[in-house]
Amino acid sequence: MDLIESYKEELQLVRRNWTRAWVLGLLVILLLLPLYCPEDWMQIAALVCIYSIGVQGQNLLIGYTGQISLGQAGFLAIGAFAFGHAARFGIPWPLALVVAGVVAGLFGVLVGFPSLKLKGPYLAIATMGFGIAVYQIFVNSELLSGGRMGLEVSRIEPWFGLSRAAFTYYFNFAFMLLFTIVSYNIISSYMGRAFIAVRDNDIAAEVIGVNLTRYKLLSFAVSSFYTGVCGGLYALYMRFLNPDMFTFMDSINMFVAVIIGGLASVEGSIMGAAFVLLVPKLFAAWKHLVPVIFGLTILVVLIFEPLGLAGRWMKFRLYFRNWPLR
Amino acid sequence: MGGFESRSSRKRPTLFCSKGLRTGVEFMGLLKVEKLFISFGGIRALAGVDFHVDDGEILSVIGPNGSGKTTLFNCISGVYKPDEGEIGFQGQSLLGLSPDRIARMGVARTFQNLRLFMHMTVLDNLMLGRHIKFRKNPVHALFRIRSEELKHRATVEEIIDFLDLQAYRQARVSDCPYGVQKRVELGRALAVEPKLLLLDEPIAGLTSEEKEEFAYRIMEIRGRYKTAILLVEHDLRMASRLAERMVAFESGVEIARGTPEEVQSHPQVIRAYLGEE
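Protein sequence lines correspond, in order, to chains A and B.
If you're matching positions, the first sequence starts at 1 in this note's numbering and goes up one per residue.
If you're matching positions, the second sequence starts at 1001 in this note's numbering and goes up one per residue.
These aren't lab readings, by the way, just hints derived from the structure by calculation.
Fair warning: this is a prediction, and the values are worked out from it, not measured in the lab.
Be careful, since some hints might not be right.
[To be verified] For lysine-lysine, the following DSSO-like pairs were computed, each having C-alpha atoms within a straight-line distance of at most 27 Å:
#	chain 1	residue 1	chain 2	residue 2
1	B	Lys1081	A	Lys119
2	B	Lys1136	B	Lys1211
3	B	Lys1032	B	Lys1151
4	A	Lys117	B	Lys1035
5	B	Lys1195	A	Lys8
6	B	Lys1211	B	Lys1226
7	B	Lys1195	B	Lys1211
8	B	Lys1032	B	Lys1226
9	B	Lys1133	B	Lys1151
10	B	Lys1032	B	Lys1195
11	A	Lys8	B	Lys1035
12	B	Lys1035	B	Lys1211
13	B	Lys1195	B	Lys1226
14	B	Lys1081	B	Lys1195
15	B	Lys1133	B	Lys1032
16	B	Lys1151	B	Lys1211
17	A	Lys117	B	Lys1211
18	A	Lys8	B	Lys1211
[As the list claims (entries may be wrong)] Part of the chain B face toward chain A, derived, beta carbon under 10 Å:
#	residue
19	Ala1108
20	Arg1115
21	Met1118
22	His1119
23	Asn1125
24	Gly1129
25	Phe1134
26	Pro1138
27	Glu1149
28	Asp1164
29	Gln1166
30	Gln1170
[As the list claims (entries may be wrong)] If you only want the chain B side, here are some residues facing chain A, beta carbon under 10 Å, derived:
#	residue
31	Val1079
32	Asp1124
33	Arg1146
34	Ile1270
We put the beta carbon where it would ideally sit given N, CA and C, even for glycine.
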């Protein structure tokens, strides 16, 4: 029996006991990952954690606010290089991460301005232009990109005597957890509601008192903050940066992760991030076929589950909640 | 109809003195529209519209299709910018203000073809109506501090009770029947706590039972929330039952105004609705 006794209770992040149980179980499985997981998979897991932050940011923009952006790699690059340069100036890494997020966020606001006039595919093209422009600027400016050898980023030495792989995993897992919780908080707040209102019906949103300019720009800022931090963590993970890590294909990859994971879903973003990183890894033995398999799996997912992995997951949960009824 | 006496006994500084029907009694003008012109390409949607809405009254605007009623609403709520003319609300001009500024001044509206947030729950739609009343603190958003949310939830629950939406609270709006969606849109506008409520064909497409309910609710809103209502309605019978005054439009021009009886018996109105003899 699902009885809610107060409004406050209804606003909890995880409300049902059963949900609490499996979320806790999942957390334990993920926390114990270094105990049973080979090192190379742990590397991938860390990368999924990093990537999912960016995908969440992208999903806030595309899935929740309905503003399509194909220039995410641009923000990723800005975040990564901002982090790299900040770290070089001797700024400690937590602060450098904030710098990465804020710089990317400011550029997000800048890119957000066309969104006040452009909609749908037109905005997608405009943001795509931004992504490509950023790539070109980094390629052509040795000052920004760190020259032919790329920009080196010093690593953080593992804490608590953990192995390097385990530390990298825990470090990025903690960030993913933090950003996931913040995402859930944002979407359930007045801010998230305003974002969805802009997406569902911008005229009604405006007439009800939602300032379109403010919330579109805010959405771009928040989204690119996420992506910037994602870039910063990526820089720490790779330990060296060059502009070729942030091409248009990377923007597309992130977009695919959002669609596959499920629009307007936080857990979907994580699943989408895992998907775009795990499929190439799983089929690594057939290296030349990876793009084909990648494309085919995307097709299959979209044909059979337009709501993405999150949609499948939701139906799965609904099935068990209602069992044995259908 | 209890609001009538109390309104006339209220003494407030007069900004616009109402002309026409109730001369002799002093009312405070709430909305005043003067010589409004707007055209789209070659089509003149509004050609010199003049009228006013008093505090707490129900004014209904009637007219055949394409007579500019909805265009008028769009001008008042800031969706369209009129070419010429003036719209004054509580002595302030609404011209050039963005729709959200106008909403914050106390004008709420519903739409002819429902404009709801279809993928959200009924509750979230109503909570969005409270958006302008929210104290918006990003820190609250990020760290799940929900005191403000709870405060406004209480107001929204009152509206849910008033509109009988309890059963649909957590339902997605797109899954709700049409009649419920209409009520949700009304509720969303009410949640703004408007001083002026613009209702664009609120009972179009409802069953006769739902129409009766809606009519009752519209009267109740006036009594309970002390809101002035500007009503666009096709159903003449309903429009005359609800409103104290009526304005009739045809092709963007006013053709009659007065009490419902006067307007309905006006030869031009009859011609516009029924055609020539």
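Going down the list of hints, with the structure as the test:
no.	hint	verdict
1	Lys1081/B x Lys119/A	21 Å, holds
2	Lys1136/B x Lys1211/B	37 Å, violated
3	Lys1032/B x Lys1151/B	34 Å, violated
4	Lys117/A x Lys1035/B	30 Å, violated
5	Lys1195/B x Lys8/A	30 Å, violated
6	Lys1211/B x Lys1226/B	22 Å, holds
7	Lys1195/B x Lys1211/B	24 Å, holds
8	Lys1032/B x Lys1226/B	18 Å, holds
9	Lys1133/B x Lys1151/B	10 Å, holds
10	Lys1032/B x Lys1195/B	14 Å, holds
11	Lys8/A x Lys1035/B	50 Å, violated
12	Lys1035/B x Lys1211/B	33 Å, violated
13	Lys1195/B x Lys1226/B	8 Å, holds
14	Lys1081/B x Lys1195/B	22 Å, holds
15	Lys1133/B x Lys1032/B	25 Å, holds
16	Lys1151/B x Lys1211/B	32 Å, violated
17	Lys117/A x Lys1211/B	39 Å, violated
18	Lys8/A x Lys1211/B	36 Å, violated
19	Ala1108	7 Å, holds
20	Arg1115	4 Å, holds
21	Met1118	6 Å, holds
22	His1119	6 Å, holds
23	Asn1125	9 Å, holds
24	Gly1129	6 Å, holds
25	Phe1134	5 Å, holds
26	Pro1138	7 Å, holds
27	Glu1149	6 Å, holds
28	Asp1164	19 Å, violated
29	Gln1166	13 Å, violated
30	Gln1170	9 Å, holds
31	Val1079	6 Å, holds
32	Asp1124	6 Å, holds
33	Arg1146	5 Å, holds
34	Ile1270	34 Å, violated
Violated hints, listed in ascending order, are 2, 3, 4, 5, 11, 12, 16, 17, 18, 28, 29 and 34; each of the other numbered hints is respected by the structure.
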